[in-house]
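Asks: Letter by letter, the chains look like this.
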Amino acid sequence: MRPFFVMAYTLIRAGVTFGQTVIGIIFRPYETYRRIAMYGKLLELMYIVVLLALYFATAALVKTSLFTPFLLTRKFLVLTGAAAYTFIIAVSLFWFLGKLFGSSGTLRTIALGWAYSLVPTWGWFFLTSILYVILPPQRTTRTGGMIFSFVYLLISTVLFLWKIILSFLTLRFGLKLDFIRILAICTIALPILALYSLGMYRLGIFRIPFI
Amino acid sequence: MSDALYHKFVKRWEEVTDLPPQSLGPLTPYYKDVVRRLKIMPWPVLLVAAIIMVTCIYLIVGSTISLIVSILQKGF
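Same order as they appear, the protein sequences are chains A and B.
Going by numbering that gives the first Met the number 0, the first residue of the first sequence is number 0, and it counts up by one from there.
Going by numbering that gives the first Met the number 0, the first residue of the second sequence is number 0, and it counts up by one from there.
If you are wondering where the hints come from, they were derived from the structure by calculation, not from laboratory data.
Take these hints with a grain of salt, some might be off.
Think about it this way: if two alpha-carbon atoms lie no more than 16 Å apart in a straight line, the pair counts; the simulated EDC-like pairs of lysine to aspartate or glutamate are [stated by the list, open to error]:
#: 1; chain 1: A; residue 1: 175; chain 2: B; residue 2: 14
#: 2; chain 1: B; residue 1: 38; chain 2: A; residue 2: 43
#: 3; chain 1: A; residue 1: 175; chain 2: B; residue 2: 13
#: 4; chain 1: A; residue 1: 175; chain 2: B; residue 2: 2
#: 5; chain 1: B; residue 1: 31; chain 2: A; residue 2: 177
The structure displayed is predicted, hence computed values, not measured ones.
Throw the hints in and build the complete structure from the sequences for me.
Replies: Below you can see the structure in the form of structure tokens.
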């Protein structure tokens with residue numbers, strides 16, 4: 000029984016830390032990312048995986064026209080697999096480029112930081128999939144449609160800017176580099192990720208990259 | 000200085016010196032000013048920036064904004 004309690008305690012503790020960290024990246028992103036870089040545990044990733052799985056299950060339900068278990072499972076697995084693959088590609092790319100630019104950071108720190116930077120991505124995708132059900136497109140140019148479009152773009156932009164901040168902090172604390180080098184890394188990495196996203200689009204997996 | 004205070008100081012010192020200082024030449028004060036506003040509770044700044052950006056998009060593309068939103072809504 001003892002190993003079970005130890006495992007349960009470890010999981011609960013990681014869950015509490017995850018909750019605190021998510022609140023932290025909302026209100027005090029800089030300080031929280033410093034804490035992630037110094038004391039973050041890979042076990043916290045499990046809770047991010049659960050969050051993402053929740054979204055992919057919702058997306059599979061919304062995107063699949065026929066509610067057959069086979070099609071739903073296939074959609075869910077394709078989305079989950081593609082997101083996991085994208086995560087590995089992004090983290091490896093930044094880590095590799097970081098090493099080229101003299102980074103002393105670790106792969107663990109970048110992986111954890113990048114995983115937490117998926118929270119705004121998750122928020123946008125989840126919101127969009129819910130809105131797709133409640134208020135499906137096309138949007139009209141009437142007053143109501145325009146107000147909705149403005150508010151939707153406003154929320155999307157805020158989440159996008161938040162994502163940029165968290166991504167920057169991932170590179171700052173994960174790679175331990177200065178602004179200029181981070182900018183140089185992004186200049187190289189972004190076209191590669193854009194090409195990768197184009198590939199995902201062509202395959203019909205993600206129209207907007209889940210990065 | 001008490002041991003606890005000293006250890007707290009050392010821990011904080013290690014945290015601060017863990018990262019290389021940011022220097023952008025003549026732009027450093029502006030950079031520091033922007034970053035200072037984003038370190039704690041960045042939402043007011045993000046919201047203002049988003050309002051400016053979306054208003055600019057609206058002024059440039061006009062009612063095509065609804066088409067952009069329709070594309071984004073199908074993009075998940």
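Asks: Is the straight-line distance between the alpha-carbon of residue 175(A) and that of residue 2(B) 16 Å or less?
Replies: 29 Å, violated
Asks: Run the distance test for residue 31(B) versus residue 177(A): straight-line Cα separation, threshold 16 Å.
Replies: Since the Cα atoms of residue 31(B) and residue 177(A) sit roughly 13 Å apart, the hinted pair holds (cutoff 16 Å).
Asks: Does residue 13(B) lie within 16 Å of residue 175(A) when you go C-alpha to C-alpha?
Replies: With Cα atoms ~13 Å apart, residue 175(A) and residue 13(B) stay inside 16 Å; holds.
Asks: Would the hint linking residue 175(A) and residue 14(B) be met if the CA-CA limit is 16 Å?
Replies: 12 Å, holds
Asks: Keeping to a limit of 16 Å between CA atoms, is the pair of residue 38(B) and residue 43(A) held or broken?
Replies: Between residue 38(B) and residue 43(A) the Cα gap is close to 23 Å, so the pair fails against 16 Å, i.e. violated.
In this structure, the hints that do not hold are numbers 2, 4, in rising order.
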